[in-house]
Every structure is written in structure tokens, then in C-alpha cells.
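**Q** Listed below, chain by chain, are the residues.
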Amino acid sequence: MSDRLKITLLLLPAMLIIVLLFFGGLAIGLMRSFNYMPVIGLTEPDLSAYFLVFTDREFYLSFLLTFHIAFTSTVISSILAIGAALLLRRNFVGRSIVNFLFQLNLTVPHLVGAIGMLYLFSQSGSFARLAAEWNLIAKPSQFPALVFDPYAIGIILQYIWKEIPFIGVIVLANMQSIGEDYESVARSLGASRWQTFRHVLLPLIFPGVLSASVMVFAFTFGAYEIPALLGANYPAALPVLAYRKYTDVDLAARPEAMAMAIIIAILSAVMIYIYIRYSRRRIRG
Amino acid sequence: MTHVSIKELTKVYPGASEPSLDRLSLEIPTGELTALLGPSGCGKTTTMKMIAGLLDPTSGDVTFDGRSILKDKPENRGVVMVFQNYLLFPYMSVADNIGFGLKMRKMDPAEIKRRVGEMLELVKLPDLGKRKPSALSGGQQQRVALARALIVQPNVLLLDEPLSNLDAHLRFEMRDLIRSLQQEMGITTIFVTHDQEEAVVLADRVALILDGCMKQYDNAEAFYKRPVDEATARFFGGQNFMSGTTRGTVFEASFGQLQLVEGLNQGSGVLTFRPENVLLNGDPSAPNTLEANIADKIYLGTQTRLKLRIGQENVDIITNPSDVEGLSPGDLIRVTLPPQTLWMLTS
Amino acid sequence: MRHLLITTLMASTFAMSSHAAFADTADGDSLIGKPWEEITAAAKGGEVNWFLWGGSDSINQYVSEYIGGILKDKYDITLNRVGLSDTVEGVNIVLGEKEAGVTDKGSVDMIWINGENFRTMKQGGLAFCGYTETLPNNALVNWDNPAIANDFGVPVDGCEVPWSKAQFAFAYDTARTENPPRSIAELIEWVKANPGQFTYPAPPDFNGSVFVRHVFYHAAGGAENLLGPFDQAKYDEVSAKTWQILNDMEPYLWREGKTYPASIAALEQLYANSEVDLTFNYEPAGVGLNIENGTFPPTTQGYGLTDGTIGNTNYTIIPFNSPNKAAALVLQNVLLSGEAQAQKALPDVWGTQPAIEVDRTSDDVQAVFASIKKHPAVVDPKELAKNSLPELQASWISAIEKGWLDNVGK
Amino acid sequence: MSTRKSLITSNLRVLTGLVLITWLILPLIPLAIWSFARGWFFPDLLPKTWSLNAWNYALSDTAGVLDSLWLTIGISLAATVLSILVGVPAGRALGMYKFKGKEIVELMILAPTIVPGIAVVLGIHSVFIFVGLNNTVPGVILVHLVPTLPYMVLVMSGIFANYDASFEAQARSLGASALKTFWYVTLPAIMPGIIVGGLFAFLVSWSQYILTLLIGGGRVVTLPLLLFNFATSGRNDITGAIGMIYILPGIIILLLTARHLSGRSGAVGGFGQI
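Chains as they are written, first to last, in the working numbering: chain A, 11 to 295; chain B, 4 to 350; chain C, 286 to 695; chain D, 9 to 282.
Note that these hints are calculated values from the structure, not bench results.
This structure is a prediction, so every number in the text was calculated from the model and none was measured.
Certain hints may be false.
When the alpha-carbon atoms are kept at most 27 angstroms apart in a straight line, the in silico DSS-like pairs for lysine-lysine are as follows [unchecked claim]: (1) D:K188 - A:K16; (2) C:K543 - A:K149; (3) C:K671 - C:K695.
Chain A with its partners taken away, still in its complex shape:
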């Protein structure tokens, strides 16, 4: 068997699934967003759905909110995950517990974390109750609004909770395979601890951090159930908005939902491209 044939056969099943399901799904979504669906008699594509999306003020608010959620969650969890990995790299009392919890946390679904956050941070949640116990607040409304809030703090907290271990495990694996010798070289060449971290370790673990954080960004930008559970009613996150449109009893809203889905896909691809370009220059330049 020639290599060419072998490679083709090896790749075929995976490519079939990706092309049919993923790109097929995107393509159908694209067609429907243009009101083009010959099977059900729509043969004249138009841009009306996009027009509706782009003239809706909630869409822009929704985009800003979703971007804020994804960006803030990604940056904070990446930074904290690197810190946690630095901590876990060295031996200390309780390291194995943290290690285990890190991995345990990977197995806990986002939804469970979100519900936990709700019970912890709502105005009558555990922290509010603690505050009341210590006489910091007299009634729930005095506790700061951390869920269903306009700044999506609850959502971001849940993402941070969930993504620190995800990025952390990847970064830790990265650090362990790199070892400490590069840092030793840098120290002996006169770099301080901080310089060693900034100019040597960080660029070395950067590919791992980058790929992990890209996945986190994409996930947090596109997740439905977390903002649906913890988010404010208005504006809703983009995926929630798209889902609402799609399940609107008015069938006319479906092309709008499809248009939003396509816009979400394009936006996340573009933002991730910019992010990769920009951060690569910053970290490795």
C-alpha cells in the first residue's frame, strides 16, 4: 500500500465526520441564514436575516457582554493557571491533594459548577449568609449582586473555577517536559527570578498556554447553559440569544438564529486569529 493511500484511509473516517457534521452543519446554517433552502421551497437567497440581526440593539449589547465574559475568563484563568502550575511544580505539603482536586475538577461538568456558583454567590447564597452571620449585611439585597448581574461576574467566576484546572494540567505537563535546566541557564546568565520567568519559562510554555486558552476562549464564547443559568435576563449572551431565536415559535426567527450562529462562528474564528497573532508577538518577541 502506498503511503498516499494509507494516509487517505487513515484520515478518511475522521474527515468524513468532521466534514459532514461540522462543515455540513455550518454550510446548512449558512444556507438557511440566507433564507435559501430549496428542499422546503426557499430558492431566493436574501440577506434579510442578517439585516434583522445587525439592526437589533440587543445583538450588539449581547456581543459586548459575550466578548467580555470570554476575554475576562480566559485571561484570568490563564494567569491563575500558570501560577497554580508554578506552585504545583514544586513539592509542598498538600500538593497531592491540589493535584487530585485539579483533575477531579476536570471531570465536574460546567453545569454543576454553575449551580454551585449560584448557591455560593447569589444574594442569599452561602457567602451572603456568612456576611449576615458576621453582621456585615442585614438583608440579602445589601450583598453585592454577583449572579444575574450586568457584569456577568457569576459566569466569569464559574469559568475561572472550571478552567484553571484545565489550563493548569496542560501547562503543568508542559513545564514538566521542559524541565528546569533552561531556567538554570538563564539564572546563571544573570536573569532574576522574574526575568527568568518572563523571558524563558513563559515563552517555553507559551504554545501550551496558547492552545489551552484558545480552547477556553472558544468555549466561553460559545457556551449556552452557563449564561442561561447565571446570566442576567437582558442582554443575554450571544448563544442564549441565538437559541432563543431558534426556538421562537415564530418560524420566521429561525433564519435570524442561523445568521447569529454563523456570526458567532466567524467572530470566534476571527478573534482567536487576532489573539494568536497578538499574543505570539507579545510573548515571544
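Following the hints, position chains B, C and D against chain A.
**A** Then chains B, C and D, alone, in the frame of chain A:
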């Protein structure tokens, strides 16, 4: 210009029962090139990392010109370590790698560029500044690593197995480069190696460390001529050891007497001599000329190794292949052990 | 080997999703008017997929255990209760299937429904209609009652069968609040006097929407003027006043009205944890259940408004493409039976009001109904019914919900 | 470095570690307490009354929680096995061969990790309605492959990049059949990757919400759907019990595979190789 002094340096790793390094003491004069020699795991890299500040010693002290440096941060010691696998930062160009130490000292970029250029000339890689390390050969990477270390003008340079990853023909080139740069800049240099040949060709002085203890600290020749004990002699390729008793200048061996020079250890002990110092078919009247029986003959290309029996003793000798042509196991030959090549080990 | 694995895997996954191929009764029209025995015979051994809001363990238990038990034991029908977060999800499935041309292999056999969702199904041709006379227990239903024959103003026309009646009621904690507001006018004043202690779920939440309609009635000076088909001029006039009232109220709401709870459950949580002082529900019996399951403080008390609260009837509907229509008919008939309606009315089961005429049931069932003691915290349905307001037609409701979103919510 | 200073550093480490531990388990605590609570109102720090009601309900036949648990496990396992069967060959092609268009293939396979699921599932839903895969378990399993497969291929290509195929040649030359070679040589060598990739695939499928909701259409009720239902209906006690049931299988699988996840096995490092 730094005189390095190591005093009773000891390292016990957490959880280990045996020390990895046991009370090592060494004086390394300013500008000298010293080798720490020993098999892997003998504690030589540990020693180096402690000098560089990358490891904390369990006890003991390291002083530079009399001042203890153990409390100094690694970046403030003026010690640069070059690792065996070079560890060039893979995401930086060659020039950026070399300039790294200067950048960390926040030197003006133009000045860094100038000095990097000089350094590239010095290590004979003038045109490779823009390349990535992955595009370099092993020897070139070694030079970049050396340049990266020397550019910060360290007081002390530490080299970890500097020649071991190189092909035979590159070794001498690199040896010459290291020696000339070191002499030129007068940097006190310590390198570690497990290869006695590497130590001998490069170092002014060699410290042999076996089992965490220093055996002998001397110039290279001394390890061949005057090893302190059997382990040291064996490490340097010594094969011939005979038990007996020395009285004055006479050694009483199992097969008879051997003439010695003056000033060797007296009493019962072990006599050693190097295989390459035994003469074949020389003057029969010369002292210490004996009959020997060939037990085996091993052809090694440029040399031939003969395994001989003298009385009950086994003796190995190395000769020029042409000298032993036609001889075969079972033949008798005449060998001479010149008195000035015989050495009594301390017991 | 790999091939074998895939085959086994596919086979096993398909087995997991076995659709009962037998007892396929997708052709509903052929069932209409048939003797009941033939219908139960056709339904025997089959299954029925009932989509209904699944957020109450009491209702889930009643449906799965009590109703499901009867179906299994008496008719050999398997009831699959499919829980929904929102009824619209069920409507949507049917909608999507119709769009895709799935006319006889739909996945939904029955939906618990009323109001806008019913309108969508009826107008979209998504409902199986005209069969109600076929159900023996249809005799218990008083179709002459306009509140039964019209679902939010839309004539039922035999496209659904009533299940329960409900009437909006408020609830408060007697331990926290002494004098809760007893009319919409009082409420508006009360909210201003008690800043941060009141809110309502954002429409289109079912309960938030009905609260807004109460304010709308108040602004219109009564429901009488609003009955009948949608009237744009009337709507513009009344809605302007309504948005004025709600926007004036907004700064005094929970979190200064910057956000609203997304659902009635969220409001009930706020109430339970003293974040707000009042709650309400279209199903007044829920107060009793919520006290019993520990969601509400035991000192909670339900009450009606002096100027009346809106009542409705809720129904079950069979989608046009249900493949198990016979079983769905049997299920509807069981739901309508006096026994099932009485069971549902027990305060520790659910406590909701029957949709049938109790005096048309057997003496035994009437005795059960007579013996029911309402939960002390639940407002007496008879008292509540004295001040019952009608629901508006669904077109009004969509307009009000959209208007709220544009004028108050954003 | 003085010992005093290193003492401070190490105490700092322990302290930060403690904060991290607390933060990691914190959200699970109220969930666990709620599952045993009956009426837990502000400002009570702990419930005044404890009860097993929620657990009784969650474990009863009517609630469907256990059915849902088995269904969810079945779907996730099927999605994992399919991901492995499809992902291992693809990982081999990407990890061991250089070929024209490789970057494009890689990008296509990775695309689902950077394009949110909601963006593709709406279109998939339209197609599935036509082919009758909507509201079915196979349909849900198939759509789960969209997010799980990239992880699997990613991990496996990392593994195969460090894999020496000459072991296979050696085995063949010693007389092993292709199948035996795969079984005795290839499989053990790539097993850590299969375990880690499989674990990730399982977890991704396990926590899938929106894909199941849309494609399953309410007929395929996995645990997250059930949980969301109760979480949004305000039954915190039942939510807590279902939540506990929901996280249990993941923990068990983790305990079985934990040693492969620890950094040194290197399989996780595959994620760094995008």
C-alpha cells in the same frame, strides 16, 4: 580574576541516606582550568550547581577570593554555567541567545548588538546570528552556548561535559577554542566530565571524585604517573597491580625483586605501572628485565595489547603492532619495567 | 475486528433508541368516532410520549406513578414523561418536524399546553383536532363554559382537552409582612414604600406575563374593555399607561429593576430567601406543595386580590403527527376521569382545581372531592373564583409581552 | 538563599495551596448540603431540618434519574469508543506522516475546538430532522463526535509524533501478523494516549448540554438536561442530589485513569502541540 575555594562542601538530597557529595574541598587558583572528573552520579554536577547557586548545599562553603557567595542570588554570583545539552532557547535567534545575559542586565540594545557581533566572530560563527538554534549542528550549538556564557564576562565559567556530545574530529577543535578563549579572557573555569581523556586534554588540573569523595587533585600527568590508589589508577586505565613489600629501592614481588627509584612508599603495598611504559625485547642487562609468557594477543589497529604472565602475576602491556609481529600466545618474550615508571600506591 | 466493533456499537446504539413500531396509530381521523374498545385495543402494548414542564417533583410523581400506573395496569400502555424546561420546546419540536415534512412519525404524542403555545399549534395546523367527542370522559367536561371552550380567547374547537383550572394568586410570609397589598393599586403604592422587596419574572415567562396583564387591566380600568380581538388603538392607549406605571415602579424593584428574574422559580427562590417579600403563581396550590417540600417558609400564606385575579384553564393537546394517537386518546381519557382529577386535587399530591364538572362524576368521586381539605396556606379556590378575571386573547398577550420587552425590559 | 526566606516561601506555597484547594471544592459543598436539606432559608448557614427526600425522589423509578444516568453513560461511552476508533487512525496519519495539505487537514480537524457548538448544531439539527436522526440516541451520539473527535485526534497525533514505527517492523520481521503487531506492539505503546484522549472525549460528551438539548429534542434526556430542569425550577434539594449523582461517574473514571493524567506521562502535553 577569581580564586575559587570550596570548603567541606556536602550535599544530602532530601530523603537520601547517603550524601551525594561528601565534604569536598578544592582550591582553584585564578584563571586556571580545572576538571571535576568522575563517573556519572559521583556528585560533580551537584557541585557545579551549588557553585552556580542553582542548588543549596547541606553544609560547607564556597568562597570567591575569600568571600562566601552562598547567600548571593544566582544571577549576582558572576558564575555562568554551560549545560551539556547546550539548552539554547529554542524560540530565540542565535544572536538573541548570545545577547540574552546582556539584555537581562538591561544593556543598551545597540551595544548588545555590537558585542554579540564580536562574540560571533570569536567563536567563528560570524554569519549565523539570525538562525534559530534548531538549524545549527551540535558543534555550532556548543559554540553559541559558550558565546552566550562568555559575553557576560563571568568571574567563573562552569562547563558541563563540554566535549562529550561532539564527534571525535570536533573535539580537538572545540578543545582548542575553549582553551584559547579561557586563556585569553583569564576566566577561572571549572568543567565536569566523566571522560578522563576529556579531562586530560582540556584541564590544567583535574580533581577526581569517586563515590562522592575527592580522590586526587593534581595536574593530568600525575594521574598517570603517581595515582593515589588503585581506584584512581584504574579510572585512568591502569591495569597492572602487584602486591608485595618495598624496602628502600627494592620491591619484593612474588616472582622476585624489582628495582625502584627513591622516595616511594615503604613496606607492604601495591606496585603499579602503566601498560604503555613496559619495554619489549630491550637491553637484557637493563634493570627489571624479565621473562614473560604471552597468554593472549589482542590486535587493536594502531596498538596491540598483550596479556602476559610473569610468574603468578598477570601483566598487561600495550605495544606498537609491528613490534610483536609473528608472536603468538604461548611464546616467551623479554620485558623491561623501567624503575622510573614503577609507582607504589598508598595502602 | 474494527469493522465488527463498529457494527456491534451501531447495533447497540440503535437498540437503545427503539421506537415502538407496533401500535402505530398516526392516522387520527380513522380513530374519530370509533368505539372506545377498538381504540383501547389499538393502543394496547404501545407507548405514549407526553411532553410537559418537568420542574415539579409532585407533578412528575403524579404523572409517572399515578397516571403511568393506570395506563400500564389497565391499558398496557407505556407512558414516557418527557420533562421540559419550557413548554415552547415541545411546540418547537412539532414545528420543526412539520417544516421538515415529518407527518406521521413525530416524536411528540401529547403536550401540556395553553395560551400562546396553543394558538401557535392551532394556527400552524400542528394539532390533531375534532376527536374530543370520542373520549368517554368528555361527558364530564362542560364545553358550554366559555372559560373551557376558549383557551386564552382562542376557541378550542376540539383541538385540545382541558386538564386543570388555575387562578392567579399572591403569597406572602406572615412572619415578615403584616399587611400585604390586596389590590394592584395597593401593590403599586406598597412597592414604592418597600423598595427592593418586590419584582416579577421578565415576560415572556408565563407568570411574569400574567402579572403584567394584571397591571394592564388596572391601567385599562378593568378587563371588560379588552375582551375580544386585538384592538391596536385600545392597546396603544392602555399600554402607554401600563409602561408608565411599570417604569415608575422600576427603581423600587429588586436590584432597582436593572434585571428581572428569568423565571417564576427564580422569583420563588428570591421570596424563600427573603430577598423579596411577595411572590405569586398562576397555580395557587403550589404554595402548599412548596411549604411541604421545604421550598417556602411554613409561615407563607396565599391570597387573592380584591380587584380580582386572572384565571385560566390548561389543556393537553395531541400533535398532528403523533404516531401513537390511540394511546394519547386513552391517556387524555384517563386524565379526564373523575378519579384522576380527584387524585390531582388532593393537596399533598398537587392540589390543583379540576377541569371537569364535579357533579357529573360518580358519587364515590364526589365524596372524595367533598372530603378534600385544602392546604391551610393555599387561598380557598372558591373565594378566589369569586373575583375571577378572564384571560385576554393570545394576540393581545403577544403584543403586551413584546411591548414590555421594548418599553420596560430593555 | 537563607533558610528563613525559604521557610517563608514554603509557607506561602502551602497557604496558596490551601486557598486553591478551598476554591476548587467550594462550589460542590452547597450542592452536597442542599441534597440533604429540607427548607434552608437565608440567613441559616446550615439547614435547620435535614432530610433524605431529595435522594429518595432522585433514586425513585418515577424521577427517571437513574434511567437518565445509564443513558448518559451509554451515550458518552459510545461517543468515546467511536472517537477512539476514528481518532486513532487520524492521529497516526497526522503524527507520523508529512504530506501535502497536512496543515489544512489539521486545521479542519481542530476547527470544532475553536468554533462554538451552537454555531454548527442549528444547521445539523435541520439536516437531522430530514434524515430522521433528530430526537434519537444515535443522532445525539453522532453530534457529540463533533466536540470529542478533535481532542482525540489531538492527543493521538501527539502520541504518534513520538512513536517509533520501527518496533512494528521489528515485530513483523519476527513473524507477527499485522493484527498481532497492532495488538501486542502498537496498542500498548499508544495506550496512554488512548486513555487520556478517551477520558477527555468521555468528559466532553458527558457534560454536553446544548447539543443534546437540540438534537435530542427532549426525547433523549441526559443527566445535564434533567439537572438543568430542576435547577431552573428552584428545587435546590433535588438539584443537589442529581448534581451529586452526575459528578460521580467522572470521579470514578478519574480514579481509574489518574496516573495517566499526571504530567509526566506526556500524553496531556499533546494539547500543547496545536
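**Q** Tell me, which hint numbers fail for this structure?
**A** 3
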